[in-house]
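Chemist: Given chain C, work out where chain A should sit, using these hints.
Protein chains: 2
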Amino acid sequence: MMYDKILLNHGAGGLKTQRLIRQIFQKHIGNAYLQQELDAAVIKFSSHKMAVSTDSFVVHPIFFPGGNIGKMAVCGTVNDLAVMGAKPLYLTLGLIIEEGLPITILEQIIASIGETAREAGVLIVAGDTKVVEHGACDKIYINTTGIGAVPLNVDLRPQKISPGDKIIVSGSIGNHGMAILAAREGLDFSPPLESDCANLNYLTESVLAASVNVKCMRDPTRGGVATTLNELAYQANLGMKLWEEQLPIDSQVKGTSSMLGLDPLYLANEGKVLIIVSSKDAEKVLKEVQKSEIGKKASIIGEVTESHPTKLVMETELGTLRMLNMLEGDPLPRIC
Amino acid sequence: MMYDKILLNHGAGGLKTQRLIRQIFQKHIGNAYLQQELDAAVIKFSSHKMAVSTDSFVVHPIFFPGGNIGKMAVCGTVNDLAVMGAKPLYLTLGLIIEEGLPITILEQIIASIGETAREAGVLIVAGDTKVVEHGACDKIYINTTGIGAVPLNVDLRPQKISPGDKIIVSGSIGNHGMAILAAREGLDFSPPLESDCANLNYLTESVLAASVNVKCMRDPTRGGVATTLNELAYQANLGMKLWEEQLPIDSQVKGTSSMLGLDPLYLANEGKVLIIVSSKDAEKVLKEVQKSEIGKKASIIGEVTESHPTKLVMETELGTLRMLNMLEGDPLPRIC
Chain C
1 MMYDKILLNH
11 GAGGLKTQRL
21 IRQIFQKHIG
31 NAYLQQELDA
41 AVIKFSSHKM
51 AVSTDSFVVH
61 PIFFPGGNIG
71 KMAVCGTVND
81 LAVMGAKPLY
91 LTLGLIIEEG
101 LPITILEQII
111 ASIGETAREA
121 GVLIVAGDTK
131 VVEHGACDKI
141 YINTTGIGAV
151 PLNVDLRPQK
161 ISPGDKIIVS
171 GSIGNHGMAI
181 LAAREGLDFS
191 PPLESDCANL
201 NYLTESVLAA
211 SVNVKCMRDP
221 TRGGVATTLN
231 ELAYQANLGM
241 KLWEEQLPID
251 SQVKGTSSML
261 GLDPLYLANE
271 GKVLIIVSSK
281 DAEKVLKEVQ
291 KSEIGKKASI
301 IGEVTESHPT
311 KLVMETELGT
321 LRMLNMLEGD
331 PLPRIC
Chain A
1 MMYDKILLNH
11 GAGGLKTQRL
21 IRQIFQKHIG
31 NAYLQQELDA
41 AVIKFSSHKM
51 AVSTDSFVVH
61 PIFFPGGNIG
71 KMAVCGTVND
81 LAVMGAKPLY
91 LTLGLIIEEG
101 LPITILEQII
111 ASIGETAREA
121 GVLIVAGDTK
131 VVEHGACDKI
141 YINTTGIGAV
151 PLNVDLRPQK
161 ISPGDKIIVS
171 GSIGNHGMAI
181 LAAREGLDFS
191 PPLESDCANL
201 NYLTESVLAA
211 SVNVKCMRDP
221 TRGGVATTLN
231 ELAYQANLGM
241 KLWEEQLPID
251 SQVKGTSSML
261 GLDPLYLANE
271 GKVLIIVSSK
281 DAEKVLKEVQ
291 KSEIGKKASI
301 IGEVTESHPT
311 KLVMETELGT
321 LRMLNMLEGD
331 PLPRIC
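Residue numbers (full-length UniProt numbering), protein chains in the order written: chain C, 1 to 336; chain A, 1 to 336.
Since the hints were made in silico from the structure, they are not lab data.
Careful: at least some of the hints might be erroneous.
To be verified - Calculated lysine-lysine pairs in the DSSO-like style (CA-CA distance at most 30 Å, straight line):
(1) A:LYS311 with C:LYS49
(2) C:LYS254 with C:LYS87
(3) A:LYS27 with C:LYS160
(4) A:LYS87 with C:LYS49
(5) C:LYS160 with C:LYS27
As the list claims (entries may be wrong) - Some chain A residues judged to face chain C by a derived CB distance under 10 Å, without partners named:
(6) LEU7
(7) PHE57
(8) THR77
(9) TYR90
(10) GLY146
(11) VAL154
(12) ASP330
(13) PRO331
Note that the Cβ used here is the ideal one computed from N, Cα and C, for glycine as well.
Extracted from the complex, chain C is given alone in its bound form (with noise of 0.2 Å):
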């Protein structure tokens, strides 16, 4: 028998655990892994150089325009494989549920980490599911751990990062963040603005498959492209500066954030990428970027610089400089 909203005795790990597994779980993401019910899977492996990230998602509300925590949760791991130049093959999912929380609103999210999975062309592989008494989550928080394979020939590393070398954005920044401040302030906004939450593995291999001379790549994530930056800056002991004319940035972002005071270089993205590629395929890898949906607005935002190592400077619109530091505060909680 199922029942209408989750229970303590879900995560008891007996027989409701197993009825919600095999009535909700092996639906949405099931396949020969999961179905064998196992402690671990066990998988073939043959590349020799595998990639390895973990995420764990609490972002505020879990349904946002754009996306909500399950796609979120896919598509966050997977990116954190892709930017290292890996193809993305199996995810485990790991899930806190707040006793109460109904149980279609858990299938609708299994049903987007499902939908999101099979888009990005990863395997569900192992899960968990614990229960914990009202009060003592928000809802549901997600951990996805993902593993890639990493083709031989390919090496990203902020090490490997040039002075002279271009940075290149996928797309217009902010979308995340601002898509969420609206969802948990209630505004408005016409036509919806929504979060930018996409899988970016396939961009990055038609990237890497575009130009060898590509040294490093991240996707802005918490922090935004400021910080993500100034990381890189850091790893690379080298200089980095902006063009603030260059930057994509949708009018509802930056008018929105300029009314609240924000500065869209710190807001999250969850469908973006920085690629940090040397001068000469510079046009070349943004036209490939272009070539695909998620990549239209893509732009050659900035240079790194042998000058000032480790930090990002931006040249505004009015000419001057203006330095970049990481995110210090914390505009947004649980933005991910």
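Modeler: Just chain A now, with coordinates in the frame of chain C:
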């Protein structure tokens, strides 16, 4: 600068997150993979059969006699790999921390994780830290996902179980469940009753080296020995019979269970393995298990039967038969 409590900003992915990682995490669990601070760790992997398992830990209280949530988060996933015959190699670590958690508490937990991982011989290759508002989780929840290498000749599956096979448990049962209950309810035991929380990977390795006739192994965590054997009986489509007088149960667990109306067969264990082995190798495997410090109280507790397929029964000390179903209720939520 360090703070004495976790702030929301520690999870924002900016400067405070970076400092937390460098000052606490790298100190206790650091290694070459984590030091690179990449979106995904890239690892050489030369085995052709990979085991993958994930588990989230929400145990309450987070410190208990015999362990804490950090130690458990390592042992739990190491053991899920070990019972599949895998050599555990890599773990990922996903933390969800409640705002306000004292940093000294976090550091104790991370130190335990480091110590337990070193003991098991696994490296923590990727991590993620999220912070939620006070009240949006209970102190700290931990996800670990494990990757192991399965030797090509190892193939443990419930489908290999045959009638006549013996069932071995590696030690006394119910200790973890009872230790958590005691910690929660303030029960005093003298000598103190400790959780059995321990890494099983060296024990399972020696068992597999001792006999090629081990059919299947499982660690009886949530739901206890009775639920785990029910799952195996169902998957093998065979019956199982336990002999009550052979069950190793510590007197404190036995006495308190009886007083509280609990059954040790349904209490969680965090350092025990059930081994199903052909009858002819049962004594040999038992002796091998008993050589280990954590296997001294191991016992042959039952056998696989052709009769009553998918069901578990127990021959009681009175000579009657008692049916043991899967766990239906949940006497102890948040046991792991």
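Chemist: Run every hint past the structure and note whether it holds.
Modeler: Quick rundown of the hints versus the structure:
The straight-line distance between the Cα atoms of LYS311 (chain A) and LYS49 (chain C) is roughly 44 Å, outside the 30 Å bound, and the hint therefore fails. Between LYS254 (chain C) and LYS87 (chain C) the CA atoms are separated by roughly 34 Å; this puts the pair beyond 30 Å, and the hint is violated. Of the pairs offered as hints, the one joining LYS27 (chain A) and LYS160 (chain C) holds, with about 27 Å between alpha carbons and a cut-off of 30 Å not exceeded. Restraint check: the Cα-Cα separation between LYS87 (chain A) and LYS49 (chain C) comes to about 18 Å, which is no more than 30 Å; the hinted pair holds.
In summary, the hint linking LYS160 (chain C) to LYS27 (chain C) is not supported, as the alpha carbons are separated by about 44 Å, beyond the 30 Å threshold. A hinted interface residue such as LEU7 (chain A) counts as satisfied when its beta carbon comes closer than 10 Å to some beta carbon of chain C; here the least separation is about 8 Å, so the hint holds. Interface restraint check: PHE57 (chain A) against chain C, minimum CB-CB distance 8 Å, threshold 10 Å, status holds. For the restraint placing THR77 (chain A) at the interface with chain C, the shortest Cβ-Cβ distance is roughly 9 Å, inside the 10 Å limit, so the hint holds.
Interface restraint check: TYR90 (chain A) against chain C, minimum CB-CB distance 6 Å, threshold 10 Å, status holds. Look at GLY146 (chain A): its Cβ gets to within about 7 Å of chain C, closer than 10 Å, so that hint holds up. At its closest, the beta carbon of VAL154 (chain A) sits 9 Å from a beta carbon of chain C; the interface hint therefore holds under the 10 Å criterion. The criterion of a C-beta within 10 Å of any C-beta in chain C is met by ASP330 (chain A), whose closest approach is roughly 4 Å, and the hint holds.
About 9 Å separates the beta-carbon of PRO331 (chain A) from the nearest beta-carbon of chain C, less than 10 Å, and the hint is met.
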